[in-house]
Amino acid sequence: MIKFAYIRYIFVSLLLYVTTPFLLYAAPFDLCPTEAFLSQYNSNATHYKSVDLSTGAVSTIQVDDDLGTDVVNAIAFNETDRYIYGFNKQKLALVKFDRNFKATVLPFTNPPTNNFYVGDIYDNKYYFYRKKVGLFYTTLDASDPEFLTIKKIDGANQSMGIADFAFHPSNGYIYAVESSTGDLYRINPADGSAESIGNTGFTAPGSAFGAAYFDIVGNLYFVRNNDGNIYRTDITEPASTVYFAKAAPTNSNDGARCANAPVISSNTDYGDAPDSYGTTLANNGARHLISYHNHFLGSSIDAESDARIYPSSDESVSINDEDGVIFKTSLIPGLDGQVNVVIGGEAVSYLNAWFDWNRDGDFNDANEHAISGLQLFPGSHDVLFRVPDGATPGASWSRFRVGNVEDASNNGGYVYGEVEDYQINITTSNTTYLHYPSINDFITIAYEDMWPEVGDYDFNDVLIYYRVTQVIQNNKVVRIDVSGELAAYGADYSNGFAIQLPGIARSQINEGLIKLRHNGLELQDEAPLEQGQTNAVVVITENLKHTFLKSNCGLSFYRTELGCANDDLFTFDITIPFITPIEFSAMPAMPLDPFIFGSENRSRNDFYGSTMPGRAFEVHLADKPVTDLGSTSYFGQHDDRSLPPSRTYRDERNLPWAIEVGAQWSPAYEGTDISIAYPEFINFILSDGQQNTDWFNHPITNKTYQ
Amino acid sequence: MTFKQKIFICTVISMSISACGGSDSPSGNSITPPAQTVDGAEQVLAQGEDNFIPTASNNNSLQNINASSALNYQASTTMQLQIDSNSAQPCDINIYKQYDKFLGPVFAPDPNSQVMQINSNSCSYSGPIYILNQQQRLLAEVVSLQHATTSYHEIIISNNTITLSLD
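Residue numbers (numbering that gives the first Met the number 0), protein chains in the order written: chain A, 0 to 705; chain B, 0 to 166.
Everything labelled a hint here was simulated from the structure, so no lab data went into it. Mixed in with the good hints there might be a few duds.
What the hints assert, rightly or not - Which residues of chain B face chain A? A partial, calculated answer using Cβ under 8 Å:
{"id": "1", "residue": "S68"}
{"id": "2", "residue": "Y72"}
{"id": "3", "residue": "K100"}
{"id": "4", "residue": "P110"}
{"id": "5", "residue": "Q116"}
{"id": "6", "residue": "Q145"}
Claimed, not checked - Covered stretches of chain A, going by a simulated chain B footprint (3 or more residues, C-beta under 8 Å):
{"id": "7", "stretch": "128-135"}
{"id": "8", "stretch": "427-436"}
{"id": "9", "stretch": "585-596"}
{"id": "10", "stretch": "645-654"}
{"id": "11", "stretch": "664-677"}
{"id": "12", "stretch": "685-694"}
No experiment lies behind these values; they were computed from the predicted model shown. Quick reminder that beta carbons are idealized off the backbone N, C-alpha and C, glycines included.
Chain A on its own, in the form it takes in the complex (with noise of 0.2 Å):
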């Protein structure tokens, strides 16, 4: 039982859990929030909304102000104050607003007679406009004797149709789009004169637009009533004005927002296209707000602050959600192709792809529009589209939406479905794509670098993810291409890294259109094919040390170190056509020979005292054969047993500098012997390979970087 002496305090407690809410009844918003908020009459009340201008996703916050069937437009936020203030079309008063859209109402000293529905707040000034009868303001500063006093701007424009006006964050001016014309008209508040500056290129016919609002960066937004469509313009360049987002049509709106806050988009699923095409937010990316129970592609989707484009894509970060379709043909110009697509979410959606054809950069162009408003029910599809016979041949991007809206655009935000872009291939018939070991994964090179001395045997010091992709046509090989990435990197010596074609010579290679990219930059003034050589041997980099910030933690290596955990990615692909085709029997065996080297003027391991080798220093996977600029003087030395041309790169016990591993692979920490991360690696070598093939599936998960 409780006792008697405690009932006073159930009594203030309970007391505090009623009252608490009504604590917060006057407090203002947020110093600056980002989202934008609406007014909105419904069913005979004035609605409180917030949109998130990057998909347009409108969440109600009040509906009902403690002004009944009032209606309340012209609404603005007010930067000094942080409350919201609105005109009452009933009252012909001002009308502040706490951050619950709880009214207060405020009488003027001077009440107009006309209702006015445009507004915006500067400088602790209420601004207000209606066609043909003029510009006016109040301070909102109630220490002013003037305050809720209506000034009249002498002179001011009164031609304008806009149903609602916005200030620039910085310049001080205000800006509108007339709904009949689309004009952005500039508007002088000190004199009230006013300039159209461009024409947006949409109009409300009908209609109006009937929210502005400015972000940080002076970017103007503003909204179509009858179908909530979300415009964003540059000032300085109208023309350019796009479709960014779709909120809920409505009969009336207005909107307020603070102008000095930046437009952020979360929980939002972004493709990774590269951001030609509209990819990351400031370029009006292809967005959604993920809904795990509605429209999407595949099984997964996830969720990112801003688009990760192409090669830095949003799988490095979180999961690879780019499942929902398989591109099940080649595709070949003049002829069909057909895409496997799963809707994997409960709704009937609609689906649209786009596919860059001429493969300019954008999906803009005739035919590019492969799939329109196709509406599949949820389950797996098998979809045909025609490739146009002008089609160009090469790599290219193509993208997906699925979602509720039937005539999507290939960018800008909605509030439901998924996007996913993928690489394609434009080809010819009979082409065959041979990929190492598989269209999007890698298998890892590792090595050691203290050559021709045995090392610590973590295998990190150098760690390369690796994919290799050959091009055949008519049972020749037209092309290599390879990609891969940093990985790892757990040394102090620099070390560069390169790729020989053991059998290739130089020159039959195309050198001319060789294309080799960093982080999915093409390198223009690099000559990656090297001189000098016999063999074909291209450059990646002269050194791996330059391609990541050094963090201040532990040995200041990359990823291999506990707690050292380091976010900078370095990614490279490199295309290789050879002048006249090679046939399958010429080629090398993968993985090639992918080899790393001393970069130029750097010391290295003590064998080599205050020599510094450069590029003659070379390691290759146990057995490869050296490149005509690798020194041969070091076999033989100190640990090393090669006998070239046979043998080289092995000690004593036959044990190698580098390994090839299966897969995408986590390497051992710093001065972890790999037997001990990874156990199963000493049986896999006794057995000579026959056992525990996968021994790298199977690690000491607190021995291995993670």
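Using the hints provided, position chain B relative to the given structure of chain A.
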């Protein structure tokens, strides 16, 4: 802490969460705790967890073993893939290394694991394929747009030549 302090704090907390006085169990059902010993249930010590107990493989660490010169430390083998068909019709053949297999059998390939995409005017292929050491089977997906068909063929890897007849 006194009871009255507890009840006050708990009431305040309950304004934001509704777990006051409740169980950690999501259902709120009570859970019978296991019989307790002074140090709780026995915990298995992971290999090397304390850096004191030698790991089982230490005697065989890389420092102490000899390998065969035949071991090349590479992850794959080049094999020959022979796909035959008498149809003389074009098709696309996709080879996957990872896939799900359901009753039927129904196959669901993992698109990220596609090893080959073959477009063939004669629905055939003869050439190399690279097989990872740990790979034991593959899935071939044959797509004919002419016949509007997709068929699947599971391939068990047993020797260095892989043959598949589509007839």
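Close enough to count: is the Cβ of Q116/B nearer than 8 Å to one in chain A? At about 5 Å, which falls below the 8 Å cut-off, the nearest Cβ of chain A leaves the hint on Q116/B intact, so it holds.
Minimum beta-carbon distance criterion (8 Å), Y72/B to chain A = holds, 4 Å
- Hey, does the Q145/B contact hint survive, CB to chain A under 8 Å? violated, 10 Å
- Query: Do the numbers back the hint for S68/B, that is, is its least Cβ distance to chain A under 8 Å?
  - Reply: OK, holds: S68/B within 8 Å of chain A, min 5 Å.
Query raised in the report: Counting residues of the stretch 664-677 of chain A with a beta carbon closer than 8 Å to any beta carbon of chain B, are there 3 or more?
Result: Since 4 is at least three, the answer is holds.
The stretch 685-694 of chain A covered by chain B? Criterion: 3 or more residues, Cβ-Cβ distance below 8 Å. Our answer is that it holds, as 5 residues pass the Cβ test (under 8 Å) against chain B, meeting three.
With a cut-off of 8 Å, does the beta carbon of P110/B approach a beta carbon of chain A closely enough for the hint to hold? The hint holds - P110/B has a Cβ within 8 Å of chain A, the shortest such distance being about 4 Å.
So is the stretch 128-135 of chain A in contact with chain B by the C-beta rule, three or more residues under 8 Å, or is the coverage claim wrong? violated (count 0)
When I compare C-beta atoms, does the stretch 585-596 of chain A have three or more residues closer than 8 Å to chain B? n = 4 at 8 Å, threshold three: holds.
Does the nearest C-beta of chain A fall within a distance shorter than 8 Å of the C-beta of K100/B? violated, 15 Å
request  = Report holds or violated for chain B covering the stretch 427-436 of chain A, Cβ cut-off 8 Å, minimum 3 residues.
outcome  = holds (count 9)
Can you tell me if the stretch 645-654 of chain A counts as covered by chain B, using C-beta to C-beta distances under 8 Å and a minimum of three residues? holds (count 5)
Consistency with the previously given hints fails for numbers 3, 6, 7, ordered from lowest to highest.
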